[in-house]
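Turn these sequences into a full structure, and let the hints steer you where they fit.
With our numbering, letter number 154 in the sequence shown gets 895, and the count goes up by one each step, no holes.
Hints listed in this document are in silico derivations from the structure and should not be mistaken for laboratory results.
Just so we're clear, the structure is a prediction, and the values are computed from it rather than from any experiment.
Some hints here could point you the wrong way.
Unchecked claim - SDA-like, lysine to any residue: derived pairs with alpha carbons at most 25 Å apart: (1) Lys804 to Val1002; (2) Lys833 to Leu786; (3) Lys833 to Phe875; (4) Lys833 to Asp976; (5) Lys970 to Lys833; (6) Lys970 to Ser807; (7) Lys970 to Ala751.
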Amino acid sequence: MPRSGNHLGAILTTASALAFVINDAAMKWAIQLIPLFELLVVRGLIAVPLICLAMLITRQLLKTVSRADAFLIGWRLLAEVAITYFLLIALKNMPISHVTLILQAAPLGLTLVAALMMGETVSVRRWVAILFGFIGVIIIIRPGTAGFSPYAIFAVLTVFCIVIRDMVTRRLSPTIPSLPIAALTAFVILLLAMIMMPKTGSAMPTLSQLVIITIAAVAILTAYLLSVKIMRVGDVGFVAQFRYTGIVWAVIIGFFVFGEVPDMWTVAGALLIMATGIYTLRADR
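So this is what it looks like as structure tokens:
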């Protein structure tokens, strides 16, 4: 893959990480006040029209889809639905920095799967980095200790679904535009949330809550588009490492918005994860 492709992929991944954290922060704030499925409905009612408008402006329409691509899109939709549910449960009950740090296992898993299933070359040094990265995640989760949160399981499940989503996206035909995929994803999540909302109740959101949800909708729209584009630019193992920038965004937002101060073990795990990313980048030069 040309170096310029890797550079573009790195920039897009950094921007995507920020967009995801902004969405997570907005949703974490809102979910404390609004029932889960109502929150998804309100966000969907804002996000879906925005995506459709973007489709009309850019003329990105999904005209024909092969059977193979339709199958892959179906799997991607299932993964996105699972990601949304698992992630919001984790965000509601855990510090945003902890959730984001656990999600950093996704690039490690993506690199692993890319090597095993897509034949991408992974050096010995990168394998070592993957191992230490997973150790960093375990330090943060701390299973079997007093600091372990059972809701961390939902964050781990989110990681598995992210890897599935990204690998499926990688296999889509390059002729499939990104906006229709984002629109279909947002619409399916909205539809399922509308079906589930009567079972969990609802409450009229205030103006400030609507503003926060709008921010989340714009952020997740941006993240959707970038997540599709990223998997088609650069070497997937190289580009995925830049998701570690999400750690920095999450710690900053967690501190200033939610007053979260990471403990010693969280900092240690974060430093180890970030160090593995930097080490991998230098090893691949």
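Hints, one by one, checked against the model:
1. Lys804 to Val1002: It is violated: about 49 Å lies between the C-alpha atoms, which goes past 25 Å.
2. Lys833 to Leu786: Holds - the C-alpha atoms of Leu786 and Lys833 are around 21 Å apart, at most 25 Å.
3. Lys833 to Phe875: Distance ~24 Å between Lys833 and Phe875 Cα, so the pair holds.
4. Lys833 to Asp976: 34 Å, violated
5. Lys970 to Lys833: 29 Å, violated
6. Lys970 to Ser807: 20 Å, holds
7. Lys970 to Ala751: Holds. Lys970 to Ala751 sits at ~12 Å (cutoff 25 Å).
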